[in-house]
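Asks: In case you want the letters, here they are:
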Amino acid sequence: MTAKPIARLMQGDEACAEGAIAAGCTFFAGYPITPATEIAEVLARRLPQVGGKFIQMEDEIGSIAAVIGASVGGAKSLTATSGPGFSLMQENIGYAVMTEIPCVIVDVQRLGPSTGRPTSPSQGDVMQARWGTHGDHPIIALSPSSVRETFDLTVRAFNFSERYCTPVILLLDEVIGHTRERVALPDYDTVERVERTGTTVPPEWYKPYANFPSDVPPLVPFGEGYRYHITGLHHDERGYPTNRLDEVQPWLERIFRKIERSLSDILLYDEDGIEDAEVVVIAYGATARSARHGIGMARERGRKVGLLKLKTIWPFAEEVVERAAAQARHVVVPEMNLGQLALEVERVLGRDKVRRVNRADGEMIKPTEILAAIEEWE
Amino acid sequence: MKQPRESRVHEKYLRHHKKFPNVWCAGCGIGIVLGAIIRAVDSLQLDKNDVAMISGIGCTGRMPVYVDFNTMHTTHGRALAFATGLKMVRPEMKIIVVMGDGDALAIGGNHFIHAARRNIGLTAIVVNNSTYGMTGGQYSPTTPTDVLAATAPYGHIEQPFPISELAVAARAAFVARSTVYHVKELEKYIAQAIAKDGFSLVEAMSYCHTTLGRLNRWGTASDMMRRLKEQSVTHRQYEKMSEEERKGKLVRGVFVDRDIPEYTQLYDQIIERARQHLAGQQISKEAAR
Amino acid sequence: MSADDSENVRKKKRKMPRGRVTVFPNWCKGCGLSVEFCPTKVLEEQGNGGSVIVAHPEKCTACRWCELHCPDFAIFVVDIEPEEGTA
Chain A
1 MTAKPIARLM
11 QGDEACAEGA
21 IAAGCTFFAG
31 YPITPATEIA
41 EVLARRLPQV
51 GGKFIQMEDE
61 IGSIAAVIGA
71 SVGGAKSLTA
81 TSGPGFSLMQ
91 ENIGYAVMTE
101 IPCVIVDVQR
111 LGPSTGRPTS
121 PSQGDVMQAR
131 WGTHGDHPII
141 ALSPSSVRET
151 FDLTVRAFNF
161 SERYCTPVIL
171 LLDEVIGHTR
181 ERVALPDYDT
191 VERVERTGTT
201 VPPEWYKPYA
211 NFPSDVPPLV
221 PFGEGYRYHI
231 TGLHHDERGY
241 PTNRLDEVQP
251 WLERIFRKIE
261 RSLSDILLYD
271 EDGIEDAEVV
281 VIAYGATARS
291 ARHGIGMARE
301 RGRKVGLLKL
311 KTIWPFAEEV
321 VERAAAQARH
331 VVVPEMNLGQ
341 LALEVERVLG
351 RDKVRRVNRA
361 DGEMIKPTEI
371 LAAIEEWE
Chain B
1 MKQPRESRVH
11 EKYLRHHKKF
21 PNVWCAGCGI
31 GIVLGAIIRA
41 VDSLQLDKND
51 VAMISGIGCT
61 GRMPVYVDFN
71 TMHTTHGRAL
81 AFATGLKMVR
91 PEMKIIVVMG
101 DGDALAIGGN
111 HFIHAARRNI
121 GLTAIVVNNS
131 TYGMTGGQYS
141 PTTPTDVLAA
151 TAPYGHIEQP
161 FPISELAVAA
171 RAAFVARSTV
181 YHVKELEKYI
191 AQAIAKDGFS
201 LVEAMSYCHT
211 TLGRLNRWGT
221 ASDMMRRLKE
231 QSVTHRQYEK
241 MSEEERKGKL
251 VRGVFVDRDI
261 PEYTQLYDQI
271 IERARQHLAG
281 QQISKEAAR
Chain C
1 MSADDSENVR
11 KKKRKMPRGR
21 VTVFPNWCKG
31 CGLSVEFCPT
41 KVLEEQGNGG
51 SVIVAHPEKC
61 TACRWCELHC
71 PDFAIFVVDI
81 EPEEGTA
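Chains as they are written, first to last, in the numbering used here: chain A, 1 to 378; chain B, 1 to 289; chain C, 1 to 87.
No wet-lab data here; the hints were simulated from the structure.
The reader is advised that the hints may include incorrect statements.
[To be verified] Beta-carbon label-pair distances, calculated as ranges:
(1) A/P202 / B/D50: 11 to 21 Å
(2) A/G302 / B/A288: 49 to 59 Å
(3) C/G49 / A/E237: 25 to 35 Å
[Claimed, not checked] Simulated pairs of lysine to any residue, SDA-like, Cα-Cα distance not exceeding 20 Å:
(4) B/K18 / A/E247
(5) B/K19 / A/E247
(6) B/K229 / C/G49
(7) A/K207 / B/D68
What you are looking at is a predicted structure, and each value in this text was computed from that prediction instead of being measured.
We treat Cβ as the ideally placed atom computed from N, Cα and C, and that holds for glycine.
I would like the entire structure built from these sequences, with the hints used as guidance.
Replies: Below, the structure is given as structure tokens:
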């Protein structure tokens with residue numbers, strides 16, 4: 001494993017690829033799509049260097065399917081795409097949720113909808129990350145706001161995915177993906193890697209969806225002596241299809257509980273100046289950088305403004321948001337969309353307390369636009 | 001004179017905790033294909049831990065749960081793509097991918113073509129009953145022209161796909177077709193396909209007497225089984241037939257059996273190349289200091 | 001000796017392969033394939049859609065058409081000592 005002790009200029013996409021390598025990813029399947037193609041190209045070069053495997057599939061649906069298949073074989077697996085490809089992947093993402101197979105899906109968000117503008121950023125896939133696949137299901141989604149953070153959150157994404165046996169979505173945007181920043185990555189040997197829990201019983205006694213530590217199924221990779229069945233149908237402890245209410249209902253409860261009981265681990269965020277803030281800005285992704293500048297300008301004018309930067313987008317950090325906004329007069333939610341995470345903030349804090357700053361035209365939100373929202377209510 | 005076979009070999013491979021009789025209609029050919037697969041695996045003396053069976057959606061998709069291998073029931077049309085990922089990271093496994101004609105050739109057509117083109121080491125078994133049975137007998141890419149189907153109440157106007165010929169054109173290493181009547185031949189082709197390193201396809205012709213068969217009044221399972229027997233001929237027989245005699249006939253046999261490099265073996269060479277490249281880079285860095 | 005007599009002698013000396021057929025009634029769906037295709041009509045349907053029965057066990061020649069074609073693995077054949085007798 002080659003470490004990268006020297007600082008160099010790197011794109012977010014490349015940092016994502018390196019984060020995957022550092023996390024122990026050994027399989028990538030993907031399809032070329034702007035602005036995520038670089039992740040595939042870097043991994044095409046880097047994965048075989050570390051004994052991993054890369055394949056360019058015939059489409060995005062095949063890509064996510066291959067990723068899930070490889071994960072069943074025991075490999076930490078990644079795919080990367082943008083809006084149109086993310087839309088195609090939804091069915092199989094649901095399959096991974098249902099079957100509790102770890103995998104990481106990177107969506108480098110472009111301006112949508114549809115083909116949109118591939119070389120412009122947006123945060124328009126936030127709700128899709130939550131509800132893109134059909135049926136009631138939980139999901140974990142993370143969003144970095146710098147190249148270095150992309151490396152770190154990619155590692156986190158793999159670790160959450162393995163620890164909770166769930167697909168994890170990493171929401172980049174075109175700006176973070178394509179911007180070059182100077183980063184000094186850590187020695188990969190120092191990066192924390194989480195492995196699947198596995199089982200503690202012999203094969204004859206093995207039930208893939210039972211005997212849970214922390215509600216997480218003890219899934220063992222294929223080919224290691226434990227033979228079992230995986231299906232997207234509702235299933236019992238052995239993985240066999242079932243219609244029984246006394247098997248389906250407990251499964252539903254466990255799937256959600258699996259994530260909810262571990263929020264203290266999963267919810268990642270940064271707070272700055274929240275304690276005595278009169279106004280709190282809640283931001284994520286590239287927009288968090290605009291927010292920082294806007295807040296800086298407001299503070300220079302003597303305003304007490306705090307920043308809550310969310311790195312975990314889903315599950316939504318309800319209590320964190322409530323606490324941060326408790327003593328504030330109002331909250332500003334800037335997003336490169338027409339209000340998606342704002343819907344969650346409004347649900348939790350009430351619409352009157354929330355001021356949205358939106359654009360969905362492919363341009364980043366300007367710090368002055370955020371400043372105006374901070375000041376407008378004063 | 002053939003050796004008497006050990007009886008009840010199937011029971012060594014069926015999952016004991018699974019409810020029997022199986023879910024398929026009485027007389028369905030899918031159970032017959034499963035039997036042929038089991039006997040083929042047994043004849044190859046494979047370790048169950050090394051065998052995976054992956055399916056798509058449909059009646060054929062219900063096959064893997066019954067058998068004591070590493071099994072996966074995936075999404076409609078995508079079984080070959082799931083299998084590709086598993087094969088890449090577990091190249092030593094024998095991966096059997098079972099699909100119906102609709103699953104493999106309609107929604108799954110793209111993955112079918114590319115899995116064959118890559119020559120990735122998978123054994124695809126397509127149970128071709130010329131319809132979407134589970135949903136009630138709609139037309140599929142292999143439904144013959146002019147027949148009635150649930151979504152062709154006035155008669156079918158499309159041409160059917162020749163699955164085996166398609167796989168040959170897509171560069172598969174081994175392609176064979178047989179029927180659920182000709183079980184011993186079917187079992188032999190399946191064993192050959194599994195033993196083959198590259199992408200192998202066995203097209204198992206079957207029937208659906210409960211949906212398409214009923215719509216077209218083709219009779220009982222036995223009637224449709226008899227039709228399969230009468231309509232299928234070997235390559236040699238087909239060659240000797242006139243244009244008129246050939247109408248409606250199904251050709252059984254091996255269409256292609258070629259030795260071409262298998263995908264995961266080729267990728268091992270890529271890993272070797274990448275490692276050498278990396279080592280070369282590191283040597284240059286050392287030299288530059 | 002007439003032509004018929006020598007026929008009978010030949011038949012008597014030929015050893016016919018024989019099999020013992022067993023049906024698992026819980027697994028048999030009565031689809032009728034084994035009944036229709038058995039070359040010696042060993043099996044019969046019961047007429048109520050239930051399991052088939054081994055009506056003429058002595059006629060089984062262990063061809064295994066039934067065992068190899070049963071979609072439900074509900075029938076199997078064991079080889080037993082070949083006997084002299086008519087086919």
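Asks: Work down the list of hints and note, for each, if the structure agrees.
Replies: Structure-based check of each hint:
1. A hinted range of 11 to 21 Å for the beta carbons of A/P202 and B/D50 is consistent with their spacing of about 19 Å.
2. In this structure the supplied range 49 to 59 Å holds for A/G302 paired with B/A288, their Cβ-Cβ distance being about 54 Å.
3. A C-beta distance of roughly 34 Å is found between C/G49 and A/E237, which places it inside the suggested range of 25 to 35 Å.
4. Distance restraint check for B/K18 and A/E247: the Cα-Cα separation of roughly 16 Å lies within the 20 Å cut-off, and the hinted pair is therefore satisfied.
5. Proximity of B/K19 to A/E247 is assessed by CA-CA distance (about 16 Å); at most 20 Å being required, the pair is judged to hold.
6. With a C-alpha separation of about 25 Å, the suggested pairing of B/K229 with C/G49 is violated against the 20 Å cut-off.
7. Taken as a hint, the A/K207 and B/D68 pair is honoured in the structure, with Cα atoms around 14 Å apart against an allowance of 20 Å.
Hint 6 from the list above is the single one not met by this structure.
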